[in-house]
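Peer 1: Assembling the complex is the task here: the two chains are given apart, and the hints tell you how they should meet.
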Amino acid sequence: MNPSEQIRAKAKELLDSKTVDCVIGYERSTDGKNARPLFVYSSKDADRLIFDQTCAQDLVRYLLNRKDKVTGIVVKPCDSRAINLLLNEHQIQRDKVYIIGIACSGVAKTDWNKTSDKLRDACQICQQHKLVVYDFLVGEAKAEPAAEAYPDIKSMEEKSPGERRAFWEEQFSRCIRCYACRQVCPGCYCSECFVERLDPLWVGIRIAPGENEMWNTMRAFHLAGRCIGCNACELVCPVNIPLSLLNRKLEKDVQTLFKFQSGIDADAPPPFAAFQKDEKLGVAE
Amino acid sequence: MNKFISKKDLLSWLGKLRETRRLIAPTRVEDLTLFKEVSRVEDIVFDYQNTDLPPKQFLFPATETIFSIEKKDGRVELVPAKVEKETVIFGVRPCDAKGILTLGMPFLEEPGDPLFREHREKTILVGISCLTACPECFCASMGSAPDDPSGMDIMLTGVKDGYLIQVLTDKGKALMPDSLLSSVDTPKPPAPQVSTVPSKGITEKMRQAFDDPYWGRVADRCLHCNVCSYVCPTCYCFDVRDYGGKNKTERVRSWESCQSPGFSKIAGGYDPRANKGTRMRQRFAHKLLYFPEHFGTMHCIGCGRCVRACPVNIDIREIIQDVQKLGVKEK
Ligand code: SF4
Ligand code: SF4
Ligand code: SF4
Ligand code: SF4
Ligand code: SF4
Chain A
514 MNPSEQIRAK AKELLDSKTV DCVIGYERST DGKNARPLFV YSSKDADRLI FDQTCAQDLV
574 RYLLNRKDKV TGIVVKPCDS RAINLLLNEH QIQRDKVYII GIACSGVAKT DWNKTSDKLR
634 DACQICQQHK LVVYDFLVGE AKAEPAAEAY PDIKSMEEKS PGERRAFWEE QFSRCIRCYA
694 CRQVCPGCYC SECFVERLDP LWVGIRIAPG ENEMWNTMRA FHLAGRCIGC NACELVCPVN
754 IPLSLLNRKL EKDVQTLFKF QSGIDADAPP PFAAFQKDEK LGVAE
Chain B
73 MNKFISKKDL LSWLGKLRET RRLIAPTRVE DLTLFKEVSR VEDIVFDYQN TDLPPKQFLF
133 PATETIFSIE KKDGRVELVP AKVEKETVIF GVRPCDAKGI LTLGMPFLEE PGDPLFREHR
193 EKTILVGISC LTACPECFCA SMGSAPDDPS GMDIMLTGVK DGYLIQVLTD KGKALMPDSL
253 LSSVDTPKPP APQVSTVPSK GITEKMRQAF DDPYWGRVAD RCLHCNVCSY VCPTCYCFDV
313 RDYGGKNKTE RVRSWESCQS PGFSKIAGGY DPRANKGTRM RQRFAHKLLY FPEHFGTMHC
373 IGCGRCVRAC PVNIDIREII QDVQKLGVKE K
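Protein chains in written order, with my numbering: chain A, 514 to 798; chain B, 73 to 403.
Looking at chain B on its own, in the form it has when it is part of the complex (with noise of 0.2 Å):
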């Protein structure tokens, strides 16, 4: 037996939460499918399969203050940013929940970014299951799948006139209340096939590649736009800047590259990673080789929007497969 709930209830109870929380949704700007603040539930897409930007904004905002100098009767005061609604983000697939948790893991890890455990504390996560794959996405080769439930609290599979419902979390039990559930016996429908790439010991082949020519041959074509980093549900780097004002200084992060020309600009002007290949290697081997070193698990979650967003095909996919072959001599 399964659990349903049908779409016009479904809608029901997203509008409910609507009220007292920030309610994210899939929806379409122009010809975009992006994540958005809805204020009518009609506004919600339904048919889409990834969307054009991950969900990341919601839990590490483009631009965030982080806590404030204030000034008070004499007193200079540090306060730190508060969150204040609950967010439930709706209709993030499983490359995306999993893209939370992974990027989680360097801002959850102690001593941890108070901001971000704040925002992951305060969002509850309403996800759908994929009954189609984009050619483009590699999940199942990335330890996710389209079914993967890890990292929501509540799973939706869609069916006729609704939705096969997991609750997985007491996060998701407390919102969502049985009488909108009955039982079913409509069977899972099974899971799309998504191709693969050979991810398997790519990070041993990662480490030998390193100071392969084969970096500065694929970064010849980059063209450092950034793109790929921004649209990544992974991608965590932030630049940091102080607003002053009068009695009040701001302190500001807001999203930045590895691939940006300068990002690793010191004092005095050096910059270790000046060169294209360097800076090319350090995105890959972030994701394939230190990532996965340090935190068990791939920095990829294989969404395949960063294959579709480049300009100029700089394929993650290929990557993968070139390292793979890269040092066996070609017979």
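Isolated chain A (complex conformation) (with noise of 0.2 Å):
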């Protein structure tokens, strides 16, 4: 069986048997050629799914709005970092959860009526092949860890502060404010982001330079040790900002000073969650 009969026959088994109430996975969009979430609840739907290089988006988010019922989940190893992100965070139950992994070997690059052969620019450095956790493998895990993991953070680091500077300056401008970043990140959950309080204003509603950089800097630092480095961010972004440059430099400092990689194991202490006494910042040393 290709992995698209394995999942619909698992699906269709889950929800037949009652162990899940929905299966979240994958179907064709209305293009003929990329693929979109699909929820299906009844096992009659379930043909319907789908997994190909195409499958890029990541599900676990929507586990979210299903935390009292029990979800099948088709998991690529990326997201299923996710999961024990969101695991580690208490945002979701194990026993809910129901996770069909697929051993993956990178997604391709996708757009709207387009396909295209090429990986991922998160799959070309991707190091983590493996399922972190799962209930049922689907497929057999080939590619290795790429060479390199942070290619394109460290010729960041190589430029000046003040090239830096005028990267981002440039870049957040472009920033509409729509919140597509947050909305997609399987670590942005917060019932009120602090963009939208109101008592205290963390940040006001213009959409300019000065505030979409407030904006865009804030949700970073909420993500460091927290981002799994899956990319969603840049991908869904309407005016292609590569956000995942400064949420993934995060994501490697956090590495580098704490041996901490967030949605690895599901039961580390989250370095901003914990002290350790021999615990040593760099800071005034």
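Hints are not guaranteed to be accurate.
To be verified - Which residues of chain B face chain A? A partial, calculated answer using Cβ under 10 Å:
(1) I77
(2) D124
(3) V231
(4) T268
(5) V312
What the hints assert, rightly or not - Derived DSSO-like pairs: lysine-lysine, alpha-carbon spacing no greater than 27 Å straight-line:
(6) B:K245 / A:K557
(7) B:K337 / A:K580
(8) B:K245 / B:K88
Because the hints were derived from the structure by calculation, they are not lab data.
Predicted model, so just to flag it, every value in this text is computed and none were measured.
We put the CB at the ideal spot given by N, CA and C, even for glycine.
Peer 2: Here's what the structure looks like:
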């Protein structure tokens, strides 16, 4: 059986046995080329499920809307880190999720009405071809971790602070503050985001350079030590701001400083929620 | 006989306009095509189908101060915002010109929004008809067409070495000197075929579908990311906030979207559209039911931008098809 058939069979079994109330997977989108999320509530719809190189979206965030129901979900290795992140932060319960894990060797660059054989940027530098958590495994992972995890971050680090400032000013000036980056991020689930808070007011509503910058950097800091490097924020941004350069820089720094990578181990204490007596921050030492 | 302007004359005319006005035109930014103020006519791109964002922001800016309250010599004064310069938007497509007409309906209906009115009065639209259509465009089903000049002051149609030109309004006439135009017998190239959606009777069907569980199912996969509203040429929701200073307070408005969680939250924390399905229905009911009932025209002009931009493929063309079928028993 190919991956799509395996997923369909498993989904039918889970739904018919009432193990789960719904299976979240992928189906073909209306352009006939890409994939979109699909919620399957009855096994008669399970044949619409597919899996191939176009199944790029991370579906894990949808679990936050279904906390009280048992849900089956199709996850790639990178998405499985999102599950661990949410487990670690007590946002979902392990026994309410049935994970259909896909051993994946990378998904393709997707764009409306276009097909591509080229792997997504995140997949080209993926270190995580193995699922960190799953209940049922589909396929066999063949790909090896990429040689270099942060080539893009390293070249940013080589730039002078002035050059980086100019780069980000230019990028953030395009931001329309749609908050799509937040809406898609598995780590952004606050019931009231700082940016919408009125009292106290953290950031104003202007869609203009100063406040855009405030929004983008504050969000990045909220993801420090929590970002799983999935690139979803960057892919969804309608004005193509390379957000992962910022978020993954913090991921890299947290890894260097605390030897911690979010989403790898659901039980490891996250660095900003734990304190160790001999912790050295490299500040004023 | 048709009127003709050469590409060279067109560019030098635009260059001249730029000296005294704000010239907005399609430009390439990274791999996007966006309307931007241009300082050199060489930056204008001509080989685009539809820009990634509509020209909406030049009439209804993403952020603007609508008035300020100033303390001067012991008096408090309300100072309305002013639109300083005239703006020429070059390169609008027929759908976007129609979009600007549609956007204007709620803003200009009496008593009207003075700032929008001023933007509108000080804006001149120089459009280019479409010779090819993107597969996701469905303007012809929404009351427009690839060669529809509605809303434009001047419309161009590409031919060899230049453009056939229609000067449609007094504003257009005042701007375009006759000396740049010549008469030619080049025929107008035919408008391309655009794909269609079954929009006929959709308003009535939307009313019937109001309480259908369908909306909840579609909303399952919606991320409430707002992208559809922000790329839409006709969406006009905004939020208002006061920015206080020592002697001056500004009232600012910024784009908002009915898809954002909390958009309809009211005092006390109650949210009549807290549920994903009702939020989703609001978007489509506004476009296809409430707006047509009130203004007599669809609130979607079929530009296809939300179709291309939605990260989870919530496709208004599919919604229209599905709603037409709701209530019809499957055999
Ligand atoms: S997705 Fe892009 S445009 Fe939207 S708020 Fe985030 S950075 Fe800004
Ligand atoms: S940006 Fe921060 S406050 Fe807003 S949702 Fe994300 S983590 Fe929460
Ligand atoms: S890459 Fe972006 S979307 Fe993914 S976890 Fe990090 S901040 Fe969130
Ligand atoms: S663009 Fe799509 S996912 Fe985003 S709010 Fe609109 S319909 Fe929902
Ligand atoms: S609803 Fe979509 S297709 Fe219709 S005008 Fe808005 S962006 Fe264009």
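Peer 1: Output the numbers, in ascending order, of every earlier hint that fails for this structure.
Peer 2: Result: hints 1, 3, 4 and 6 break, sorted rising.
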